Amino acid sequence: MRQVLKHHANIAASYLKIGEGGIFEKPTAVQTVLGSCVSVTFFIPAHRIGAMFHAFLPNPQSDSDHVRDRFKFVSTAIQTVATSFVSRGIHRRQIECKVFGGANALLEGEYGVGRKNAQQAFESLEGSGLSVLVSSVGGSRGRKILFLSHTGEVYLKYLDNGSKPQP
Amino acid sequence: MSELNILIADDSSSARALLESMLSPYGHCDFALDGREAVARFQAALDQGRPYDIIFMDIHMPDMDGLKAARKIKDIQSRFQGQSRTKVVMLSQIRDKETMLKSQLQIGVEMYLTKPLEKGTLQETLVNLELLDMPLDIERLCDRS
Chain A
1 MRQVLKHHAN IAASYLKIGE GGIFEKPTAV QTVLGSCVSV TFFIPAHRIG AMFHAFLPNP
61 QSDSDHVRDR FKFVSTAIQT VATSFVSRGI HRRQIECKVF GGANALLEGE YGVGRKNAQQ
121 AFESLEGSGL SVLVSSVGGS RGRKILFLSH TGEVYLKYLD NGSKPQP
Chain B
1001 MSELNILIAD DSSSARALLE SMLSPYGHCD FALDGREAVA RFQAALDQGR PYDIIFMDIH
1061 MPDMDGLKAA RKIKDIQSRF QGQSRTKVVM LSQIRDKETM LKSQLQIGVE MYLTKPLEKG
1121 TLQETLVNLE LLDMPLDIER LCDRS
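Chains as they are written, first to last, in the working numbering: chain A, 1 to 167; chain B, 1001 to 1145.
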């Protein structure tokens, strides 16, 4: 493993619940548990800062939804993070994205919310001019995610089918 | 964990050599130069009782492309109902959403990586596909939250 981790034993820890997200300027180990929800991690190597969210649904139903719950929806969460980075003078080419989650129950097929969340994530990232380096989406198992905001590393553990992930 | 049995499917000799140099610390690498050969090698390894742990599959290849090969491999795996645990990872310069979604949501590959691939990302991938132990530093971080 990258030696840098050994020098950051005291980094901050954060747990994202559904609809939460943020930009992490200080080294932070950000965790969440995903079922059909989607997380996207963003990392800027030159600045060693990162961002991540845990979104529940693909799109808001109204403008007020967007204002109140910007990290609840995949589309608005990506837009929020991208806009924030760009306003700091960071070019979109500098942003490395990774996409996780979007699991479906076996019988949900193409109508499952997990599939729709994953589709929205790729669509919004492409629409925002952001590149996806790594993705692990779909399947029937939930995922536990750990993101290191200062290195961009993401580690995941699959949940057993018997255990109940968050949406 | 024991030494990994790895298949690299890529028609570019430089890409195969680069990937082998990054993967050789973790196990033995075989090679396929196109999708058809990848499927044949996967099937042969399965028949011989020493299936691959992981296949890194390029997309643009002659004869049979990586998406078709991955679909055939997943079809064979579904017939074996869990006896074949080979992980299939797409590794390509193609970054469009349709290809990334199709690979994972329709074909069912475990992960999609884009080139150029860094050594650290490769190591992360092996950990995340449960082929390498999670580093102790990371386990400790997981336990803190």
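One or more hints might be untrue.
Straight-line Cα separation of at most 27 Å, DSS-like style, residue types lysine-lysine; simulated pairs [what the hints assert, rightly or not]:
#1 Lys1087/B to Lys116/A
#2 Lys26/A to Lys1102/B
#3 Lys26/A to Lys1068/B
#4 Lys1068/B to Lys17/A
#5 Lys26/A to Lys1074/B
#6 Lys1074/B to Lys17/A
#7 Lys157/A to Lys1115/B
#8 Lys1087/B to Lys144/A
#9 Lys17/A to Lys1119/B
#10 Lys1097/B to Lys1119/B
#11 Lys144/A to Lys1068/B
#12 Lys26/A to Lys1119/B
#13 Lys116/A to Lys1119/B
Covered stretches of chain A (chain B as the covering partner; in silico rule of three or more C-beta atoms under 8 Å from a C-beta of chain B) [claimed, not checked]:
#14 16–22
#15 113–122
#16 136–143
Incomplete in silico selection of chain B near chain A, CB under 10 Å [claimed, not checked]:
#17 Ala1015
#18 Leu1018
#19 Asp1065
#20 Arg1071
#21 Asp1075
#22 Arg1095
#23 Asp1096
#24 Ser1103
#25 Glu1110
#26 Thr1114
#27 Leu1131
#28 Pro1135
It should be emphasised that the hints constitute simulated quantities derived from the structure, not laboratory data. These figures come from a predicted structure and were not determined experimentally. Where a beta carbon is used, it is the ideal one built from N, C-alpha and C, also for glycine.
Could you grab the alpha-carbon distance between Lys26/A and Lys1119/B and see if it respects the 27 Å cut-off? Cα-Cα ~24 Å, so holds.
Check the hint pairing Lys144/A with Lys1068/B against an upper bound of 27 Å on the C-alpha distance. 30 Å, violated
Under the criterion of a CB-CB separation shorter than 10 Å, is Thr1114/B in contact with chain A as hinted? Holds: closest Cβ of chain A sits about 6 Å from Thr1114/B, inside 10 Å.
Do the alpha carbons of Lys1074/B and Lys17/A lie within 27 Å of each other, as the hint requires? 34 Å, violated
For the pair supplied as a hint, Lys26/A and Lys1068/B, confirm whether the alpha-carbon distance does not exceed 27 Å. Violated, at about 44 Å.
Next item in the hint list is Glu1110/B. Is there a CB on chain A closer than 10 Å to its CB? 7 Å, holds
Checking hints one by one. Is Leu1131/B an interface residue toward chain A, by the C-beta closer than 10 Å rule? Given a least distance of 13 Å, the restraint on Leu1131/B is violated.
Take the C-alpha atoms of Lys17/A and Lys1119/B, compute the straight-line distance between them, and say whether it is at most 27 Å. 31 Å, violated
Check the hint pairing Lys157/A with Lys1115/B against an upper bound of 27 Å on the C-alpha distance. Satisfied, since the Cα-Cα distance of roughly 24 Å is no more than 27 Å.
Count the residues of the segment 113–122 of chain A with a beta-carbon closer than 8 Å to any beta-carbon of chain B: does the count reach three? holds (count 4)
Let me know if the C-beta of Asp1065/B comes in closer than 10 Å to any C-beta of chain A, holds or violated. 19 Å, violated
Hinted pair Lys116/A and Lys1119/B, Cα distance within 27 Å: It is violated: about 32 Å lies between the C-alpha atoms, which goes past 27 Å.
The structure is inconsistent with the numbered hints 2, 3, 4, 5, 6, 9, 11, 13, 14, 17, 18, 19, 20, 21 and 27, although it conforms to all the rest.
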